[in-house]
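All chains should be built: construct the whole structure from the sequences, respecting the hints.
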Amino acid sequence: MDSTDELIKNMLSGNRRALSKIITLMENDSSSHSYIIPRIHNLTGKAHIVGITGPPGSGKSSVVDKLISYYREDGLKVGVIAIDPTSPFTGGAILGDRIRMKKHYTDKEVFIRSMATRGNLGGLSEATENTVKALDAFGKDVIIIETVGAGQIEVDIVKVADTVIVVSVPSMGDSVQTIKAGIMEIGDIFAVNKADIEGVEKCIMEIRMMLELSEKKSDWIPPIIKTFGNREDGAKELYTTINNHYNYLIESGHHEKKRIVRGKIELVNILQNLFIKNLYSAISEKEIEDLALQIARKEKDPYKIIEELMPRLKNVI
Amino acid sequence: MPDRKLRILIAKPGLDGHDRGAKVVARALRDAGIEVIYTGLRQTPESIVETAIQEDVDAIGLSILSGAHNNLFKKVIDLLKKEGIEDIPIFGGGIIPEDDIPYLTNIGVKRIFGPGTSTEDIINYIKDMTNK
Chain A
1 MDSTDELIKN MLSGNRRALS KIITLMENDS SSHSYIIPRI HNLTGKAHIV GITGPPGSGK
61 SSVVDKLISY YREDGLKVGV IAIDPTSPFT GGAILGDRIR MKKHYTDKEV FIRSMATRGN
121 LGGLSEATEN TVKALDAFGK DVIIIETVGA GQIEVDIVKV ADTVIVVSVP SMGDSVQTIK
181 AGIMEIGDIF AVNKADIEGV EKCIMEIRMM LELSEKKSDW IPPIIKTFGN REDGAKELYT
241 TINNHYNYLI ESGHHEKKRI VRGKIELVNI LQNLFIKNLY SAISEKEIED LALQIARKEK
301 DPYKIIEELM PRLKNVI
Chain B
1 MPDRKLRILI AKPGLDGHDR GAKVVARALR DAGIEVIYTG LRQTPESIVE TAIQEDVDAI
61 GLSILSGAHN NLFKKVIDLL KKEGIEDIPI FGGGIIPEDD IPYLTNIGVK RIFGPGTSTE
121 DIINYIKDMT NK
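Heads up: the protein sequence lines correspond to chains A and B, in order. The first sequence begins at 1 in our numbering and counts up by one. The second sequence begins at 1 in our numbering and counts up by one.
Hint data in this document are derived by calculation from the structure and do not stem from the laboratory. Heads up, none of these hints are tricks.
Some residues of chain B that are not near chain A, with every Cβ distance over 10 Å (derived):
#, residue
1, Ile95
2, Gly114
3, Lys127
Reference listing, derived: stretches of chain A covered by chain B, where coverage requires no fewer than 3 residues with Cβ under 8 Å from a Cβ of chain B:
#, segment
4, 80-93
5, 97-104
Cut-off 27 Å, straight-line C-alpha distance, at most; resulting in silico cross-link-like pairs (DSS-like, lysine-lysine):
#, chain 1, residue 1, chain 2, residue 2
6, B, Lys81, A, Lys108
7, A, Lys77, A, Lys108
8, B, Lys81, B, Lys5
9, A, Lys77, A, Lys102
10, A, Lys9, B, Lys81
11, A, Lys277, B, Lys5
12, A, Lys46, A, Lys217
13, B, Lys74, A, Lys108
14, A, Lys216, A, Lys226
15, B, Lys127, B, Lys5
16, A, Lys77, B, Lys82
17, B, Lys23, A, Lys102
18, A, Lys216, A, Lys159
19, A, Lys258, A, Lys217
20, A, Lys103, B, Lys81
21, B, Lys75, A, Lys102
22, B, Lys74, A, Lys102
23, A, Lys264, A, Lys46
24, A, Lys202, A, Lys236
25, A, Lys103, B, Lys23
26, B, Lys74, A, Lys103
27, A, Lys108, B, Lys75
28, A, Lys102, B, Lys82
29, A, Lys102, B, Lys5
30, B, Lys82, A, Lys103
31, A, Lys236, A, Lys102
32, A, Lys9, B, Lys5
33, A, Lys46, A, Lys9
34, A, Lys108, B, Lys82
35, A, Lys9, B, Lys82
36, A, Lys108, A, Lys236
37, B, Lys75, B, Lys23
38, B, Lys75, A, Lys103
39, A, Lys304, A, Lys277
40, B, Lys23, B, Lys127
Since the model is a prediction, treat every value here as computed from it, not as a measurement. Glycine included, each C-beta is placed from N, C-alpha and C at the ideal position.
What follows is the structure in structure tokens.
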């Protein structure tokens with residue numbers, strides 16, 4: 001078995017299998033992140049991170065397939081993370097997004113990795129963010145993340161991607177669907193896919209109205225683009241728009257702002273996990289269960305308990 | 001490694017279009033808690049090997065009903081060797097005559113599952129094999 005150091009070294013010198021093994025390591029063992037990330041962090045930040053989200057069956061993978069082609073025509077190296085759901089009942093998963101990306105399988109500059117959510121909510125898997133870093137350090141110019149088929153609350157992609165594309169399809173529901181909070185709020189670009197089926201104009205109008213009603217957060221107005229799966233028309237416009245958005249982010253300074261927000265989220269997450277870990281080393285799970293029993297029997301309230309625990313918790317940090 | 005999840009590639013090389021068997025196996029593995037990378041029909045040996053690298057799979061399962069199994073398994077195994085990843089075990093299923101099995105075993109196929117195999121046998125086999 002290769003040591004982690006060796007894997008990192010080989011990955012950074014361009015070995016695809018080492019990259020793959022590093023990703024596996026991070027997926028299986030969250031404690032590996034604190035070893036791997038410090039060794040690659042300074043090599044990251046160069047890639048444009050593009051998120052594709054939308055409901056199941058909306059055609060995300062087909063759109064990704066076409067985008068890969070355009071990036072490759074422009075000579076860019078592409079990494080793809082395609083996320084599918086883990087069964088909550090068996091823990092297994094069928095990862096099938098690659099099927100739509102067949103023609104890139106043997107292109108050595110395209111690295112496609114399928115990931116299962118493994119119980120993570122929010123549309124990504126726990127290791128997604130650091131997998132992005134690994135692909136970035138590996139030298140990918142663009143990293144496309146395809147979320148699980150998303151509904152209304154799987155919006156974590158916005159915390160990871162520079163540019164978020166929400167793929168929707170006509171006839172998804174009435175206009176109330178589009179003004180609900182959540183996924184419709186996170187799009188930098190909207191792609192109305194399968195735009196040759198009935199209801200496309202209504203769908204576009206509803207998204208436009210939703211956008212007009214929403215508070216303006218920047219001077220980027222999310223464009224709405226008709227796409228037709230991996231057909232040429234539409235997809236090319238989407239590609240150009242994605243690049244326009246990236247240029248806008250850089251020129252307006254929003255790119256850095258987004259990355260600062262991301263850094264903050266990352267830091268707070270790591271701290272939270274650390275505190276929880278330390279908490280359990282200061283107070284045993286058994287003790288917590290005993291306290292829970294007291295709460296359930298109304299012998300003590302949770303705030304009283306915390307007050308009593310406080311002197312011990314001070315050492316947790 | 002804590003909480004190691006098995007990842008298995010199920011692929012159909014060559015030209016036959018019968019993917020029911022591959023889908024049944026993929027589904028059964030999923031129900032056994034395994035992550036299945038399913039690549040669909042008409043894969044070339046090159047694409048299978050590249051997928052195995054990118055997805056870091058623990059084993060590769062090929063389903064072949066076209067009769068070209070001797071040729072296809074050989075090509076995949078040669079490519080695995082060329083990439084230096086022949087440590088990834090390879091097994092198969094489909095319509096493969098008994099008479100061809102010694103040849104396939106000889107070139108490095110770990111196991112052939114014929115028609116009528118129960119999915120449980122396949123799952124147990126994979127779990128045993130990857131436990132080593």
